[in-house]
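Model the full structure from these sequences, guided by the hints.
If you read the sequences in order, they're chains A and B. Quick note, the first sequence lines up with residues 249 to 505 if you use the working numbering. Quick note, the second sequence lines up with residues 63 to 286 if you use the working numbering.
Take the hints with a grain of salt, since some may be wrong.
Keeping only pairs whose Cα atoms sit at most 30 Å apart, straight-line, the calculated DSBU-like set for lysine-lysine is [claimed, not checked]:
1. B:K271 <-> A:K443
2. B:K109 <-> A:K332
3. B:K109 <-> A:K312
Computed, partial: chain B to chain A, Cβ under 7 Å [claimed, not checked]:
4. K109
5. V110
6. E112
7. D116
8. T117
9. E118
10. H147
11. A226
12. N233
13. R234
Since the hints were made in silico from the structure, they are not lab data. Think of the CB as a built atom: it goes at the ideal place given N, C-alpha and C, for glycine as much as any other residue.
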Amino acid sequence: MIKLLQRSICLLLFSMLSLEAAADDWWKFWVADSNTQQVRVAEPFIDFRSGPAQGFPVIHTSEKGEWLTLLKRKTDWMKVSDAKGRLGWVSIDDLLLTEDATGDTVSITEPRFDDFRTRRWESGLQMGEFDSTAVNSGYLGYWMTANLSAELSVSQILGNSSEIQMLSAALVHQPFPQWRFSPFFRIGGGQIKIKPKATLLSVDNSINSMAHAGIGMRCYVSDRFFVRLEVNDYKVFTNEESNEEATEWKLGLSVFF
Amino acid sequence: MEIRTKRIFLMPHLCRGVLSFFLAIGAMAASAEEVKPLIEPDVRPQKVDESLIDTENFELGVFGGVINIEDFESSMLYGVRVAYHLTESFFLEANLGLAEGGETSFEKLAGNVELLSDEDREYRFYNVAFGYNILPGEAFLKGPFSGDTYAFNTNFYLIGGAGATDFAGDNRFTAMAGAGYQVLVNDWLAMHVTFREHFYDIDVLGETKTSMNTELSTGLSFFF
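In structure tokens:
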């Protein structure tokens, strides 16, 4: 244990020392020379912050008429440099009030509700219960039209007596894409693999087909993300006399592109 | 006579005056020409093209540290971490970790007893989590050699999520909660120190109980 602790402390100290060396501007070659994306301040002034968040202090202010070069973007912040090479982070909201070389207002996309309606791809992570057992799940969806999308999802259900893995494909229909709280219906099928826990007796894994139908709701939150809640009913086709059924609910956070 | 000689002496001044007058006119003419340069630059005003601006919302990193596996000693932990920054405050994170459980006190005292096979001692976990940068700030470091002071952006964040832990021949749903401190060395390199608690129910020692596993780790990550 002490050895472990020593190793960790060494690692920490090493990284602390390397901080100073890494802080130099040697990495500037990274920034492409061809980048001449420039905007002119059109409001009376624009604030530069030391980092890409509202919590970082304002370190500089550029006046109306000054030209800023756009360097890189992190979430809703843009790193810029002014004519004298001063660097700072400017919020996208402020940048949208600047002008580009043609004298027009700069057009930089800020993910909004409008984009939510016209999205093409969405992906998310969800958690919930499958027949009162915890389920973790992830999915990727592609919107073919405003109403219809195809989805692929994987789930892992971890119970006391077995572990279940599921792979499924589904068609999703959304009747009201323009609503902020948009309900949807889904129907699909896939494979389900049941691995009984081998602590008491060893039983073979079983792989079965399954079909499912469900309803759900997408709730747009902000930027490019939304909350997704869904309830699905599964029918597992087994070799036994009767098929098995299960109900699942999941809640998660998704991102659209 | 006097006037004549005076004129002779004055001539150079006159000449110089006339000369400078013509020179001035010439210069004026030249400056008038400069308004229109010989070669017109072929530059058209360009609109901002967003696709040329690098966005850095993803973070990929490795971490190492110590995890105490309840009943099975503390072990070295290694893993990889991917994060996606949704906003300046919120981020999603996925982690994969690997450790190896040690021996229980019972195994040590009893001598030749082994509760788990070597394969079952492998401790593997994954989780997906939601993080919140609750205290963004700056840290100041005085260089040990140069004496210069450097300012680094930092974030203190809270994190919580869920996933699964594969240990002792069992794969269990696992909840995770913790906090971390991130120091941004520059725009694309960050150092993390984090403390996380992993909870899951397990019945390896007979009856089912909640196992609490504390992770203390440090890591480096790259934004891209």
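Contradicted hints - numbers only
Failing hints: none at all.
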